[in-house]
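Kindly generate the complete structure, drawing on both the sequences and the hints.
These are the residues of each chain, in order.
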Amino acid sequence: MSESQHVPPSPRWANALLESFCAPALYEEIRGDLEELYAERCARMPVWLADLYYIGGVLFFMRSHVRRSRPSYAHARGLFMWKNYLKIAVRTLQKHKGYAFINITGLAVGLACCLLIVLYVQDELRYDQHHEHADRVYRVTALSHQSGTQWAPIGPPVGPALLQDIPEVEQVVRIFPHFTKILRYEDRVFEEQNGVYADSTLFEVLTIPLVQGKPATALTAPGTVVISETMARKYFGDANPMGQLIEVDGRDPLEVAGVMEDLPSTTHLPFDYAISMRTFLGNAEWAHSNRTWSGIYTYAKLRPGVEAEAMVPKLYDFVGTFYEGAMPVPPNEAATLILQPLTDIHLHSKLEKEYRPNGDMLYVYAFSVIAFFVLIIACINFVNLTTARGVQRMGEVGLRKALGAHRSALVRQFLGESVLIAALALVLALGLMVLALPLFNTLADKSMTLLSLVHPLWAGLLLALVLCTGVLSGSYPAFVLSRFRPVSALRGGGAGGSQSARLRQGLVVFQFALSIFLIIGTGIVLKQLDYFRSQQLGFDKERVVKVSLSSSFHQAVGNGQEAFKQELLRHPTIRQASFASDVPGERYSLEPIAHDGAQEQENVMMRFVFGADHAYGEALGLSLTEGRFFSDEAPADTSAWVINEAAARRFGLTEPVGEILRWRGYRGPIVGVVEDFHYASLHQAIEPLVIPLRPTGGMLLVRLQGHDIPSALAHIETEVQRIAPDQLFRYAFVSDAFDQLYRAEERLSDVFKVFAGLAILIACLGLFGLAAFIAERQTKEIGVRKVLGASAWSIVAMLSKNFLTLVLIASGIGVPLAYIVMERWLDSFAYRIAVGPGIFLAAVGLAVVIAFITVSYQTLRVAFTNPVKALRYE
Amino acid sequence: MKGVNIGEFEELVLLSVCILDGEAYGVTVKKALAEHADRYPTLGAVHATLYRLQDKGYLTSHMAGATEKRGGRRKRLFTVTSAGLEVLREARSVREKMWTLIPRLDTLGGAS
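Residue numbers (my numbering), protein chains in the order written: chain Z, 1 to 874; chain Y, 875 to 986.
Heads up, some of the hints might be wrong.
Covered by chain Z, according to a simulated footprint, are these stretches of chain Y (three or more residues, beta-carbon under 8 Å) [unchecked claim]:
1) 888-895
2) 914-926
3) 947-958
If you're looking for bench data, these hints aren't it; they were derived computationally from the structure. Don't be surprised by glycine CBs; every beta carbon is placed ideally from N, CA and C.
Right, dumping it as structure tokens:
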């Protein structure tokens, strides 16, 4: 071998690997041998080959177990020690049943919460994913530049035109809600609210399996309907519904052409039956020419591989040509068509005129964060309690060490114990979940089952969760406890005095801060809700009843509406009745209104009452600020307007009465201005509203006075059925309908209540354990004090004082945090409460009281023990 | 010596150590096996066997001789012990005895 030959360095990472597992004593010679061979190889073969041999050699060394690190220690192989660990763990748990119970329960509650929330989040994220082509299906929406509103539905001819003009569009389906109707088959009559009209292409775009009937043809002919399995059972029992005729509102029978599987709850577009679109549009002229009406939900399935962005220029061109002549300005300046991915709708879409109110991504985030925090609190508790108790096991630790246990063995033992407890907690958590699921479903307004948990992904997740929780929670105690010197451990010296106590106190503070935050949050949400409900809305909401009337009634009553109203008014409790189309609490349409005499002849979108007769104002109890309401004595009133103050302001009218407003073909003077009233929820400011006189309203608004409500309702029912005998009598109080608007907040308050309760429970569990531990540690000190003459109560005061300071510090964190977050939440409402210091003080006070009660059991117990016993305590 | 057995590969390694006469360590034993026995074990196998033989008491070792080629690292040199020599002799004698016991040796294994 030539000394002068340059030898390249041997592969570095292989050396690192070797160094990591090779016993230090043998490393030198093994490495030396490897290097020697490497040098020789480099001389006679390419370097990369020599590298390969080298790496191979290192890897081989890993196989031979003689090279294991620390080969001189003989570790107990196999499961021997674990049997002992298990035995000790079980015995420890049994010996301190109280602590074990607290520990396991606290962790179980935390796990159950977390899992329930995960279930919820998973459900929310799953919406509309079940459609086979979900990644290619988009909802076509229209953004109006003038008003800035984006509409979820669009005009009827748009869909077919898109299909024809844009090759990237593979298929299109249009869906239109079939508003509340009475359906009848033989003697089974029900009011249905969940129907739609749909194109025959429905089954090509969305995935809706048919139990009976052919997807391609079920909805082609007019007058056909596809019903859900549940509906089939409801109307036909076990008989075959195919080909049978269902009557709608007493006329227009529909032939059942198919039975579909019930739609899953995870869809933004739930419906129980679908009628062929031909039935609705038929050959109606307006259906093909009305391009700008925002009425029909249109879904487009794009060809595979087409990106949504690629559609943007195509849609731009389409809008330019399609809407030519339909708008006062060039179409592309007026509106843009926007594609919404189907799967985004449920969580991200809040457009005008949604089919149903959608969920909110915000809630998903909020719940996820809460789940995370709850789990963290539970784990913190676990760590706290385990460490606290672990100190009492120093004797065992010392003995094991003296007998030769390695630190790693001790760590393994304690980790194993915490994983065991985590596993037990998980079992308990699953049980709790089963129990709590119905309540949770009500809370979250869902119908989830635990079946989805049977998925292998879930099993894996649960296993990982248990391991993570066990390891995370257990590692601190494990490492701390295994650290100490055996000798001092055997003597019973305490575990790290001040720093671990600090840590533990910090954890308790964190838990209480979170609890205080949740308490305040609950309080504020409740107050806001109360505010919503108690606010004066500007009309007589408590006493207005709305009665839904079907077309069979209207056909029967003909022109006898006034006479019918007179009959109603004969009842003393009925003050006024009005035929109307829109009632506060429901969505009021937006229509373009123009003001004659405005500088620019532009249409302003305003909330519009489609049908209102003379009595509308009195039926609702609106107050006028100027002018008068409609009167049947004034002949010119046939095309008059009443507007609200906001509308007057919007048009910039100082003297509104007499000004002319136009809507489509309706043109007339303003005769009166009503005070702004809340026809929509208090979430938003009052928008401009205009009321034309168009007695085409389909529902009846009745204003009551006095107390005899049941007889008034009975009277209405009698009168209604006198005119239309098989009209189902359906009524609702406007105040109830209004309260429905705040369901989101109600649910939020329920959620807050539940979580505040849980957080407090877990925090108390933690505090309880901590208190016990500290009290016990100070037993001797207390014994001495008592002997020296301290009264029991002063001892209690002394012990309690520490905890109270902790709670106060927690308030210092929780209160500002709550203030910031809740202020932001309240800001999202146009009408909100002012937040005073009262609620914060109440929350802090509540926390203090709870802490005191929790701690008192321990402090009292210790304070009243016989000092002699305390002093003998070793 | 009853109950003390040595594997075939171990025997070869042990023989190599004897041949190398004080120069025996991982690399040289590996080369010796290649040259004399036409066997090509990995370095790791050789080392494992050397250590095993040492644990059984057939070899002793000491550290010596750092060279530049090994990056300044010393090598561990193995020498055979008397016990090791004994077990080799025993193995050899057992084999030779059994060979002599084979009847009709020249007709074994069929016509060649």
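Now for the hints, and whether the structure bears them out:
1. 888-895: violated (count 0)
2. 914-926: holds (count 8)
3. 947-958: Result for this restraint: holds, n = 4.
Hint 1 from the earlier list is the only one contradicted by this structure; the remaining hints agree with it.
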